[in-house]
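For the record, the sequence lines run as chains C and B.
Heads up, this note's numbering is the position in the first sequence plus 32, with the first residue counted as 1.
Heads up, this note's numbering is the position in the second sequence plus 32, with the first residue counted as 1.
Worth flagging that the hints you see were computed from the coordinates, not collected in a lab.
Treat the numbers as computed from the prediction; the structure is a model and nothing was measured.
One thing to keep in mind: the hints can contain errors.
Because identical chains cannot be distinguished in the list, a pair is counted as satisfied if it fits within a single copy or across any two copies.
Below, simulated EDC-like cross-link-like pairs (lysine to aspartate or glutamate); rule was C-alpha separation at most 20 Å, straight line [what the hints assert, rightly or not]:
hint : residue 1 : residue 2
1    : LYS60     : ASP221
2    : LYS284    : GLU256
3    : LYS205    : GLU426
4    : LYS57     : ASP332
There are 2 protein chains.
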Amino acid sequence: MTFSWVQGLVCSDCGEAFDFRYLLKCPKCGGLLDLVYDLRQASLADLVDDNFQGMWRFHKVLPIRNPAHIVTLGEGSTPLIPAPRLAPLIGIKALYLKYEGTNPTGTVKDRTSSTAVSSAKQFGSRAITVVSTGNAGTSLATYAHRGEIYSVIFCYHRGDPIKMSHMSLMASKLCIFEGEYDDLIRSVDRCVEEGLAFDGGATRNPFKHEGKKTIAYEVAEALETVPDFFFSPVAVGEIFIATYRGFDEMQKMGMVDRMPTMVCCQSMQAQPIVAAFQSGKPFQPTSVQPTIAKGVAVGDPGPKGPRVLEILRQHSGMALAVSDAEIQEAQRLLAEREGLWAGPTGVVSLAALIQACRNKAIDSKSSAFCIITETGLTSQYPPAHGQVVKTTLEDVRRLFSCV
Amino acid sequence: MTFSWVQGLVCSDCGEAFDFRYLLKCPKCGGLLDLVYDLRQASLADLVDDNFQGMWRFHKVLPIRNPAHIVTLGEGSTPLIPAPRLAPLIGIKALYLKYEGTNPTGTVKDRTSSTAVSSAKQFGSRAITVVSTGNAGTSLATYAHRGEIYSVIFCYHRGDPIKMSHMSLMASKLCIFEGEYDDLIRSVDRCVEEGLAFDGGATRNPFKHEGKKTIAYEVAEALETVPDFFFSPVAVGEIFIATYRGFDEMQKMGMVDRMPTMVCCQSMQAQPIVAAFQSGKPFQPTSVQPTIAKGVAVGDPGPKGPRVLEILRQHSGMALAVSDAEIQEAQRLLAEREGLWAGPTGVVSLAALIQACRNKAIDSKSSAFCIITETGLTSQYPPAHGQVVKTTLEDVRRLFSCV
Chain C
33 MTFSWVQGLV CSDCGEAFDF RYLLKCPKCG GLLDLVYDLR QASLADLVDD
83 NFQGMWRFHK VLPIRNPAHI VTLGEGSTPL IPAPRLAPLI GIKALYLKYE
133 GTNPTGTVKD RTSSTAVSSA KQFGSRAITV VSTGNAGTSL ATYAHRGEIY
183 SVIFCYHRGD PIKMSHMSLM ASKLCIFEGE YDDLIRSVDR CVEEGLAFDG
233 GATRNPFKHE GKKTIAYEVA EALETVPDFF FSPVAVGEIF IATYRGFDEM
283 QKMGMVDRMP TMVCCQSMQA QPIVAAFQSG KPFQPTSVQP TIAKGVAVGD
333 PGPKGPRVLE ILRQHSGMAL AVSDAEIQEA QRLLAEREGL WAGPTGVVSL
383 AALIQACRNK AIDSKSSAFC IITETGLTSQ YPPAHGQVVK TTLEDVRRLF
433 SCV
Chain B
33 MTFSWVQGLV CSDCGEAFDF RYLLKCPKCG GLLDLVYDLR QASLADLVDD
83 NFQGMWRFHK VLPIRNPAHI VTLGEGSTPL IPAPRLAPLI GIKALYLKYE
133 GTNPTGTVKD RTSSTAVSSA KQFGSRAITV VSTGNAGTSL ATYAHRGEIY
183 SVIFCYHRGD PIKMSHMSLM ASKLCIFEGE YDDLIRSVDR CVEEGLAFDG
233 GATRNPFKHE GKKTIAYEVA EALETVPDFF FSPVAVGEIF IATYRGFDEM
283 QKMGMVDRMP TMVCCQSMQA QPIVAAFQSG KPFQPTSVQP TIAKGVAVGD
333 PGPKGPRVLE ILRQHSGMAL AVSDAEIQEA QRLLAEREGL WAGPTGVVSL
383 AALIQACRNK AIDSKSSAFC IITETGLTSQ YPPAHGQVVK TTLEDVRRLF
433 SCV
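Given the sequences, and given the hints that come with them, work out the whole structure.
Given below as structure tokens:
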């Protein structure tokens with residue numbers, strides 16, 4: 033019994049197949065590469081290995097061939113939380129929230145950091161690197177620590193202070209840049225191509241994004257079906273493409289009988305895919321305006337942008353952009369109604385669902401699923417509101433009088 | 033098949049049994065009450081119900097009779113993380129860390145908040161209350177939100193700012209007190225006895241602490257045995273007593289063949305149980321000095337203090353106190369060696385283990401288990417250390433030269 037069913041790579045553009053090895057782009061056409069697995073008819077129960085924790089229960093569809101190379105902190109197996117108060121409020125029959133804030137560093141990035149650092153070990157790399165606004169850098173550096181690999185993390189000087197402190201704690205080398213992002217990413221991409229470090233970025237490395245595929249598997253396992261709509265935030269497109277791949281694989285293996293309608297959710301300040309989808313035109317990078325959802329502030333997602341658009345068009349998907357005000361409303365409603373506290377980037381998909389319900393863009397009798405990608409613990413809080421109280425019995429008793 | 037095997041209550045002091053109902057102390061002698069279950073010979077696999085998530089997989093040994101009363105955010109099922117680099121460094125054969133930072137609000141408190149709020153619903157309470165330094169108040173208020181119960185949370189005005197912001201976001205009423213803790217707790221206890229709110233405190237309510245029992249079940253399930261030593265932080269004694277109860281129940285059901293040696297871990301600034309155990313004298317509350325581990329800064333734990341001491345004496349346990357410097361060392365080592373970032377309170381048990389190894393108080397061929405009770409995301413970070421870099425290829429390339 034092989035530990036991983038991975039076989040090799042295939043170019044999603046020209047279709048050429050390649051042996052299993054570390055490649056960042058198609059050697060033939062430069063296109064985006066995907067991993068290919070020996071998918072057979074199987075049930076989810078056949079696939080799952082409960083000798084492993086978290087997302088590594090699905091190691092057969094992850095690209096690590098030797099369990100000794102796995103670098104894990106127990107990421108995955110996040111709760112799938114029904115939202116019985118929020119659903120009727122916003123006008124949908126059933127709503128499920130995949131709360132990724134319970135991963136080790138508090139974000140969905142831990143899934144891909146685990147596959148990235150494990151892959152770096154698999155291919156013998158001694159260093160890994162990424163350019164990040166916060167969550168990705170922290171997460172990758174944490175897993176690099178765990179895997180005893182050197183991490184060089186680049187962070188923009190205007191990053192979130194709490195996130196930068198966390199990153200500083202974990203990175204082998206934290207590099208703060210003040211100049212142009214585009215110049216930096218060109219330099220880092222070049223160093224990665226020269227083999228100076230394993231690519232921990234989200235745009236190209238096919239090994240990295242596989243970790244997020246397990247979200248689709250976990251949802252199907254918990255619901256024993258697929259929801260009608262799957263709302264995914266899109267920055268570079270990693271979560272969207274990875275979860276799409278997960279559902280597609282499950283359908284090929286006969287585990288699910290249909291695909292959910294995939295919904296691409298972006299910020300109005302950075303919506304290249306939404307703009308292209310709604311206009312029917314080819315993909316074009318756009319400029320980015322400031323948004324509180326820093327994790328989706330991407331105007332040029334690289335090759336995954338056109339790929340997301342292609343999936344949306346082939347499968348009758350949807351694409352929606354939300355304002356900062358809608359994002360803040362989603363944060364507030366999620367905390368007030370369901371007790372979940374998430375950062376602005378974390379609720380982009382929920383904000384898009386609320387908008388879709390309000391505009392009657394989806395049937396109110398549907399079931400929908402949103403990925404809440406980050407905890408709120410590392411984000412700014414609304415102003416505190418406490419009242420100073422006295423400690424005598426009469427004073428304390430009065431505090432309960434409104435109940 | 034009954035959903036919960038709970039039968040009633042028994043006084044841990046006088047041994048009197050009582051019907052299943054909401055009681056805070058023994059009606060006969062005023063002693064500490066425990067819940068009693070109809071324990072039968074069973075395997076862990078028989079006990080677990082995978083139709084539920086997280087700690088509610090163990091609902092048969094939790095005190096909620098009707099699943100409709102469960103208030104959950106998917107708490108529990110936290111990763112059990114081996115520490116292959118830390119173990120040889122500190123001098124022990126095998127070390128496992130139960131990382132409770134991946135609970136929904138980032139701490140172990142979510143387990144007991146879930147059983148507390150579920151119990152409040154079970155017994156028809158419309159409000160719940162607790163006096164907290166941070167984590168407990170946030171967690172209880174979060175679950176009260178989720179369960180649509182009113183929460184009145186009392187917090188000392190010198191609490192952690194990030195924790196207080198989070199608490200403020202979730203509490204129905206956040207009450208800041210500046211006066212004497214002892215006066216306040218007397219007033220709140222009285223209001224709770226008058227039925228004005230369900231008791232969300234850790235000192236008496238037998239229904240609340242049951243949630244933490246599931247830590248023992250999860251460890252036994254993951255390891256398929258029990259470790260030699262079980263290091264638990266002790267403030268009021270909730271985790272210690274609850275996990276002890278879990279192991280004891282498993283032994284009675286034939287799921288495990290022995291108990292681990294229970295180790296009570298306290299701060300040197302607040303060590304009433306350690307002092308009594310080491311001196312052989314009866315339990316006495318002590319004064320508290322300031323410590324960075326605010327969650328264990330308890331000098332008068334109430335009735336659970338003597339109970340912890342009794343368990344230690346009956347079962348040849350150990351009791352250790354650690355300094356703030358040892359706590360900071362444990363935080364640093366945990367981050368550097370294993371990639372886990374935890375707050376000061378979170379690593380008290382690990383600091384005690386490191387001390388025990390250093391003093392050769394335990395056999396280096398043992399296996400040990402530490403509960404890491406909180407994430408570091410809501411704690412203060414060490415000073416950030418980044419370097420400002422330029423974005424040209426030569427500059428970036430140079431950053432990888434040390435690899």
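Report the numbers of all earlier hints that the structure fails to satisfy, in ascending order. Violated: none.
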